[in-house]
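> In case you want the letters, here they are:
2 protein chains.
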Amino acid sequence: MHAEDIDRVNDIIQRGRPLQKGEYLYRSGDVFQSVFKVHSGTIKTINITSDGQEQVTGFYLAGEILGLDGLADNVHTNSAIALETSAVCEIPFSSLEELSLKIPTLQHHFFQLMSREIIGDQKLMTMLSKNSADERVATLLLSISTRNHRRHLSALDFRLPMSRSDIGNYLGLTIETVSRVLSRFQKNGLLSVDKKDITIVDMDELKNIANADTYE
Amino acid sequence: MHAEDIDRVNDIIQRGRPLQKGEYLYRSGDVFQSVFKVHSGTIKTINITSDGQEQVTGFYLAGEILGLDGLADNVHTNSAIALETSAVCEIPFSSLEELSLKIPTLQHHFFQLMSREIIGDQKLMTMLSKNSADERVATLLLSISTRNHRRHLSALDFRLPMSRSDIGNYLGLTIETVSRVLSRFQKNGLLSVDKKDITIVDMDELKNIANADTYE
DNA sequence: CGATTGTTTGAGGCCAGTCAAAGTTAGTGG
DNA sequence: CCACTAACTTTGACTGGCCTCAAACAATCG
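Residue numbers (this note's numbering), protein chains in the order written: chain W, 1 to 216; chain F, 1 to 216.
Hint data in this document are derived by calculation from the structure and do not stem from the laboratory. Honestly, I wouldn't trust all of these hints.
Identical chains share a label here; the pair holds if one copy fits it or two copies do between them.
[As the list claims (entries may be wrong)] Below are the DSS-like pairs computed for lysine-lysine, each with C-alpha atoms no more than 30 angstroms apart in a straight line: (1) Lys130 with Lys21; (2) Lys102 with Lys130; (3) Lys187 with Lys102; (4) Lys21 with Lys196; (5) Lys196 with Lys130; (6) Lys130 with Lys195; (7) Lys207 with Lys102; (8) Lys130 with Lys207.
Take these sequences, add in the hints, and give me the full structure.
Listed below in structure tokens is the structure:
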């Protein structure tokens, strides 16, 4: 992308105010106006099922983009909630769509983003339908490790931004099962678990358990 | 969309030759060049996991569009296979992307398509992580019923285009469980099952079991 | 510091998976 | 057209992994 193009994109980006833990970035049913890039912190997205249950559909760490679900009908189907104090950039979609008519690479870039989201969701579907509790937890830990590494943070030592409840919900497991798996991993020398602080001790074995099916 | 725009879109659509049952439309790893619209028949998409297992990620009936997974990196991550003799239209993406720069509504239309795919995948994720075998099977039957109805076919009487094995794979169940659930549904007066021919007898109760969480 | 929320651990039950075998369908070639 | 084979489906008996229920413990917050 050319420098002047980047400038034009930057012009439409708005720095949002910080979100406190538990605060909504947008709610299911809100009119879709923008996509968001996480600047710092972590956001989870959830769906509410017809019987009122909550389903966690994704965790978005710093640098990642969320909100693409709203394009279909100009309404968000997800809700997005901060898991900790977070800062996000808002990218108004109308200007973006207009702008991407002038900058072909930008359009292509956005198609790619959505396509990645589809691929990621499908990897998760596979995990939910085929993998054991151990495999699911190991895969999530590796995913967070990889994404931290991309941000030049430690791949072996990190803090889980989400609760056991969110993990279980996301992975299709109960909180008790998540807790038991983490305890067992620690007992077997794979991890050191201190509440939300995780240290990966035996990365090879963890990858082995996760079936090396890295998703991100 | 204006008439001349529709003409321009139609110009780039190619009618593909018919696919025989079991034939591949594209394979994982193929260079991405086109998306496809199912004209008749049914296509399934599958992912191959790192340990060689197959995961069915979607069924595409007549009128539905597939192949959007390839946009991310210009390579298909899925493979697409005909479940019965089928005909598809090929829509070359390069021309489409170019064209959508000239026709803003077309770009928007494509964003919507991808967004719908994301929403659909997330509904499926929710089902895989929360719902019982009965709920999953009921939901799939209702989905096919709804999509048939949209094509002005019977919503109560239809033929499943896919095998028990594909259903089980897609829903995260074994073939034995799928078979047992269908037998039980028949025994309880919800359905009439004759091999792949399904007649929905008690639509209300079926919706009840599916939790009315219609996905499509 | 009490109250609330989140986490861990244990005991027991159940749903779906596994294993097995018989029955059914579809496809092939003589 | 039919015999033969391979693939698919159904049904049953049993097993096991995860869920449910329950209680104790830890952390967070006003």
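> Between copies, within a copy, both or neither: which fits lysine 130 and lysine 207 at Cα up to 30 angstroms?
So lysine 130 and lysine 207 pass the 30 angstroms test inside a copy (17 angstroms) and across (26 angstroms) alike.
> Between the shortest in-copy and the shortest cross-copy C-alpha distance, which are at most 30 angstroms for lysine 102 and lysine 130: within, between, both, or neither?
So lysine 102 and lysine 130 fail the 30 angstroms test inside a copy (44 angstroms) and across (44 angstroms) alike.
> Taking 30 angstroms as the upper bound on the Cα-Cα distance, should lysine 130 and lysine 195 be classified as within, between, both, or neither?
Answer is both; intra-copy 28 angstroms and inter-copy 26 angstroms each pass.
> Between the shortest in-copy and the shortest cross-copy C-alpha distance, which are at most 30 angstroms for lysine 196 and lysine 130: within, between, both, or neither?
both (27 angstroms within a copy, 25 angstroms between copies)
> Are the CA atoms of lysine 21 and lysine 196 at most 30 angstroms apart within a copy, between copies, both, or neither?
within (16 angstroms within a copy, 50 angstroms between copies)
> Regarding lysine 130 and lysine 21, is the shortest C-alpha distance of 30 angstroms or less found within a copy, between copies, in both, or in neither?
between (33 angstroms within a copy, 26 angstroms between copies)
> Between copies, within a copy, both or neither: which fits lysine 187 and lysine 102 at Cα up to 30 angstroms?
neither (57 angstroms within a copy, 61 angstroms between copies)
> When no copy is specified for lysine 207 and lysine 102, does a C-alpha distance of 30 angstroms or less occur within a copy, between copies, both, or neither?
neither (44 angstroms within a copy, 47 angstroms between copies)
Figure legend: structure checked against the earlier numbered hints; hints not met, in rising order: 2, 3, 7.
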